[in-house]
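Please assemble the complex out of the two chains, which come individually in their own frames, going by the hints.
Spelled out from the first residue to the last, the chains are:
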Amino acid sequence: MDRDGAIYLLFSLVVPIIVFAALSSFGGGVYTLIAVALNLITLLLIVGMNWADFIIFPFITSLLGVSFQPAANYKITKQQNAVVKEVNGLYYATGYLTANLYSYTFKAESAEEDDQYKMIAAPETWERIVSNIGFPMKFHVVAAGLDIQKVRDDLEGRRGYQEFQLARAMQGSNPEVAVTDIQRKINMVQAKIDRIAQGERPIAALMYIETSAVGISEKEALDGLGFQADQIKVTFSSMDLSINRIAGRELYYLFRYNFALPSHYGEMAQSFDTQG
Amino acid sequence: MNQKAVTFVMLLIASFAFVGIAAATPVSLLPGYGKIVLLLIGLALDFLAFTSRYYSYLLGPMIRQRSRPVVLSKENAYWLSPSSDSVMKKDGATFVSTVYVSIPVYSSATEMSDEQKLNFVNQVSRLVSTAKDPTRFTTQLYVMNKDAAIQTIRAAMNETETEEARLMQTNAKQSEVERAKGKSSMWRGMMDNISTVTSYELFSYACISATGVKEFEASSIAQQKAKELMASIGATFGVSPSIVTGTELLKLVEPEYLIPVSTMHEKINKDIQEEVI
Numbered sequence: 000m001d002r003d004g005a006i007y008l009l010f011s012l013v014v015p016i017i018v019f020a021a022l023s024s025f026g027g028g029v030y031t032l033i034a035v036a037l038n039l040i041t042l043l044l045i046v047g048m049n050w051a052d053f054i055i056f057p058f059i060t061s062l063l064g065v066s067f068q069p070a071a072n073y074k075i076t077k078q079q080n081a082v083v084k085e086v087n088g089l090y091y092a093t094g095y096l097t098a099n100l101y102s103y104t105f106k107a108e109s110a111e112e113d114d115q116y117k118m119i120a121a122p123e124t125w126e127r128i129v130s131n132i133g134f135p136m137k138f139h140v141v142a143a144g145l146d147i148q149k150v151r152d153d154l155e156g157r158r159g160y161q162e163f164q165l166a167r168a169m170q171g172s173n174p175e176v177a178v179t180d181i182q183r184k185i186n187m188v189q190a191k192i193d194r195i196a197q198g199e200r201p202i203a204a205l206m207y208i209e210t211s212a213v214g215i216s217e218k219e220a221l222d223g224l225g226f227q228a229d230q231i232k233v234t235f236s237s238m239d240l241s242i243n244r245i246a247g248r249e250l251y252y253l254f255r256y257n258f259a260l261p262s263h264y265g266e267m268a269q270s271f272d273t274q275g
Numbered sequence: 000m001n002q003k004a005v006t007f008v009m010l011l012i013a014s015f016a017f018v019g020i021a022a023a024t025p026v027s028l029l030p031g032y033g034k035i036v037l038l039l040i041g042l043a044l045d046f047l048a049f050t051s052r053y054y055s056y057l058l059g060p061m062i063r064q065r066s067r068p069v070v071l072s073k074e075n076a077y078w079l080s081p082s083s084d085s086v087m088k089k090d091g092a093t094f095v096s097t098v099y100v101s102i103p104v105y106s107s108a109t110e111m112s113d114e115q116k117l118n119f120v121n122q123v124s125r126l127v128s129t130a131k132d133p134t135r136f137t138t139q140l141y142v143m144n145k146d147a148a149i150q151t152i153r154a155a156m157n158e159t160e161t162e163e164a165r166l167m168q169t170n171a172k173q174s175e176v177e178r179a180k181g182k183s184s185m186w187r188g189m190m191d192n193i194s195t196v197t198s199y200e201l202f203s204y205a206c207i208s209a210t211g212v213k214e215f216e217a218s219s220i221a222q223q224k225a226k227e228l229m230a231s232i233g234a235t236f237g238v239s240p241s242i243v244t245g246t247e248l249l250k251l252v253e254p255e256y257l258i259p260v261s262t263m264h265e266k267i268n269k270d271i272q273e274e275v276i
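Protein sequences, first through last, are from chains L and Y.
Each step along the first sequence adds one to the number in numbering that gives the first Met the number 0, with nothing skipped, and position 1 is 0.
Each step along the second sequence adds one to the number in numbering that gives the first Met the number 0, with nothing skipped, and position 230 is 229.
Okay, chain Y solo, but in the shape it has when bound (with noise of 0.2 Å):
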């Protein structure tokens, strides 16, 4: 019998054992209001074990806890694979592996025929209908990273400032002087720019999970899961597919990465900025 079934049960049996007692003592021994009470806490119970039919992974916890949040588990999401081409994830006694493939695919509607968006509705759908394993596929909007950009236009910006305080310490001629301010105020107008305008990138991409009993088990199924998927993608679209690796593949799971730190945190500057102007 599984978790859920077991839980269910035991809450069903403590439901009518309470239930039981309130009707079955006699007056005598149990006055009215301590039947209440214990029918009570019976309906309660069964209540419980209907919600455990859906919820049995946080009735436990939050019975066991009595605290706030209630830790369902303290272990991390996920981890990569030593080869940083998978998504490791622990579930019970078995390991599970998901491949990400991207989806190449970068034609745009307006340069389309009729008869084009409807081929390309319909290869969009036979795609979805090679899937045999559970398979997600996805097109995500996510905020451009800026931060080696952000990097490249600060340093230049500090190496400007201090090639203009140089020059006016050194008496240096009037133009050249000038061509330093020049150039500062370009990189802080492209600084202010970059900022302010939020840029954003569209992505494919499917995802597959295989299951083992060993990591490596369930990360070579996945893979060869992924090579299928890579086939039916190409031959659906006529592209080249990829797994996606490395820092690729966590813009894919992590809203860190969908919305880069620096490149948020120069945003919230700017309009921090803004506001007390």
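The following block holds chain L by itself, in its conformation from the complex (with noise of 0.2 Å):
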């Protein structure tokens, strides 16, 4: 949880705590029971706000069966998963899902044989997803430059713990495993840092996928980016992904997204921390 989220929380956790402290006031008996079963209530509905909102806030909405129009002649549905357009009498549902793909296309340390093998694989694999898939979906990747020096320094400090570390493990009674398992983090770390010293620039990078749906009816169209959103997490289970259905407000920028991206990396982080 970043800075804003905490102030968040302990803010909003001071009207429940008061409620608590003053139990007596709110009538006695029944009243009471009530107020503690109220307070419990928001205390949860906080609690799971802050780690899952992309699942308490939709399933308001849906409660009170209340869409959104981000823009003209678009509408997110009350299920906050779909955008929805228009146009001469035909449908568009467009939904995007996660898939982090970092471990085929970001290599920050020397790749293991697995990994290594992963990655041969990887543009065959592609190619075989794109032909088999059978309807429209995009790939993105956004990434943002990172504070080079941040990063160095962050990376220096890590590479200096588990030296630290590695000289502890060395005095253990057992230190062989130990020893080869910190060298092999130490070595991770240093080859980050020898990179960042070859010019290559630190990076965040979000990664996901967008498919759109046509229908005759709204329905038909959010019943076929249901059925495309299924077929992709099949399809891409060759390479091994997470791949989720992103809902809530993540939805909502990535749909901003297709217009204008944020004009820098801190923008984008506050956007995204919960479903990536």
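Note that these hints are calculated values from the structure, not bench results.
Be a bit skeptical, because a hint or two may be false.
Mimicking EDC-like on lysine to aspartate or glutamate, the simulated pairs with C-alpha atoms at most 20 Å apart in a straight line are [stated by the list, open to error]: (1) L:K84 / Y:E255; (2) Y:K172 / Y:E160; (3) Y:K116 / L:E123; (4) L:K74 / Y:E255; (5) L:K117 / Y:E110; (6) Y:K73 / L:E85; (7) L:K117 / Y:D113; (8) L:K149 / L:E199; (9) Y:K266 / L:E85; (10) Y:K89 / L:E266; (11) L:K191 / L:E162; (12) Y:K269 / L:E219.
Remember, it's a predicted structure, so these values are computed and weren't measured experimentally.
Encoded structure:
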């Protein structure tokens, strides 16, 4: 959780704490019990919202039947997992799925044999997916450069800590396994430092899949989208990825990314911290 | 203080007020059920205050409008710049311009050795890591627009059917009538085939945005950034990328260009006909 998140959580929890402290002032007897129950529900909702807002808030809007218009001609459904557009009597439903491909594309350290095999197989697996998928989709990678000095300082700090751990492990009774493991970690950190020294920029990346389905009614388009999302999960399983349907605020931000990207990494990181 | 923080503080103050009144008012003035109602409102406001961290963009319009659908914006999602080479959007007082750059890489993994595949993956990795400002790299699979082909076939079909009817009315030679019938059936067969099979195209591109207080400022900064991006793409893959413009640009942002309307209408009609038969 970032600093902002901690502040929001802390201040929001003050109210339930006050209610617990003043329980006797709510009428006594059954009223106190009701106050306890309401307070507990609020506490649970706030804590739940902190960890899984993409489940709780879409559930609430779904319950209330509230859909949204993010721009002219577009509609975000009440489940907040699709954007629908109507054009000449046809409905286009667009949905987004997470797809973290780090192990395939971003090698920050020397590849293990298994990883190298995966990387060699990746282009062919990708081509097989594209030729078999049979509906429109987009694979997006949003990348943003990080502050080189900050990342380097962080890596050097980590290397120092690992070297300290190594020194301690060398003095232990059974150092063999621990030493090898720590040395591997040091090598990984060192490889990252070397890459930065060679001029490569450290980046933060956000990867997701977008797919659109068409239908003569909104329901048909949404059903089609659901089918396509399931199909993507199955098809991309050959790449050993964790793919989840995106809902809630992240869907809204991804929709906006179609027309304008954020101006800096901080904005991007604030918008996406849960479902990726 | 930004809008999000203001919403949070206001909701939190309201929550404190309701809970405070519920707790501090004596039972003689406010009975137990009244206190519970105030407490419920106070706790709901507290929950909304926390929710505003993530959903401030929804909460304000939801509370103000109380209608469905909740309108977050009535404006168009974007507009094209006069030169049709960037997508423009207004975000508060600033303009955001987004430029799309094609990545014309046509190599296939089936023709590559293991070493070449590994190199290719590393090239992709290197390209992505050249991004300084947020940059989006995309590969999209979209339905081929067959509108032009459908129009041509439909025109040819009409022409041959008219010719066939004319020949039959003028008692022309049997062989000529047969030829016209054959031509007509050939075009009909092509029409059936084109609307049955959905063909796809694959396109890779990158996009980058820039902001400015004036439309032209945002646009020129985005163009400059796009040129730097094109240089990176060119240096990494040894290809000549270009800025995507006009209708090609719409294919990258609008779902109806991703799945062309008339091509889909033709396919839907065909499916309905098949179901009826």
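Exercise. Would you mind confirming whether the straight-line C-alpha gap from K117 (chain L) to D113 (chain Y) stays at or under 20 Å?
Key: 11 Å, holds
Quiz item: When you check the alpha-carbon spacing of K116 (chain Y) and E123 (chain L), does it fall within 20 Å?
Solution: 9 Å, holds
Quiz prompt | Agreement of K89 (chain Y) and E266 (chain L) with the hint, judged by alpha carbon distance not exceeding 20 Å | solution = 17 Å, holds
Self-check item: Straight-line alpha-carbon gap K191 (chain L) to E162 (chain L), limit 20 Å
Solution: Given that 20 Å is the threshold and the Cα spacing comes to 16 Å, the pair holds.
Exercise. With a cut-off of 20 Å on the C-alpha distance, tell me whether K84 (chain L) and E255 (chain Y) pass.
Key: Distance of about 9 Å is within 20 Å: holds.
Quiz item: If you draw a straight line from the CA of K172 (chain Y) to the CA of E160 (chain Y), is it 20 Å or shorter?
Solution: 16 Å, holds
Practice problem: Mind checking the alpha carbons of K117 (chain L) and E110 (chain Y) for me, to see if they're no more than 20 Å apart? | Solution: 18 Å, holds
Quiz prompt | Holds or violated: K266 (chain Y) to E85 (chain L), with C-alpha atoms at most 20 Å apart | solution = Cα-Cα ~18 Å, so holds.
Quiz item: Between K73 (chain Y) and E85 (chain L), is the straight-line Cα distance small enough, at 20 Å or below?
Solution: Cα-Cα ~15 Å, so holds.
Quiz item: Going straight from one Cα to the other, do K269 (chain Y) and E219 (chain L) come out at no more than 20 Å?
Solution: Distance of about 17 Å is within 20 Å: holds.
Exercise. Quickly compare the C-alpha distance for K149 (chain L) and E199 (chain L) to 20 Å and report which way the hint goes.
Key: Distance of about 14 Å is within 20 Å: holds.
Quiz item: Taken at face value, is the distance from the CA of E255 (chain Y) to the CA of K74 (chain L) at most 20 Å?
Solution: 15 Å, holds
Violated hints for the displayed structure: none, as all numbered hints are satisfied.
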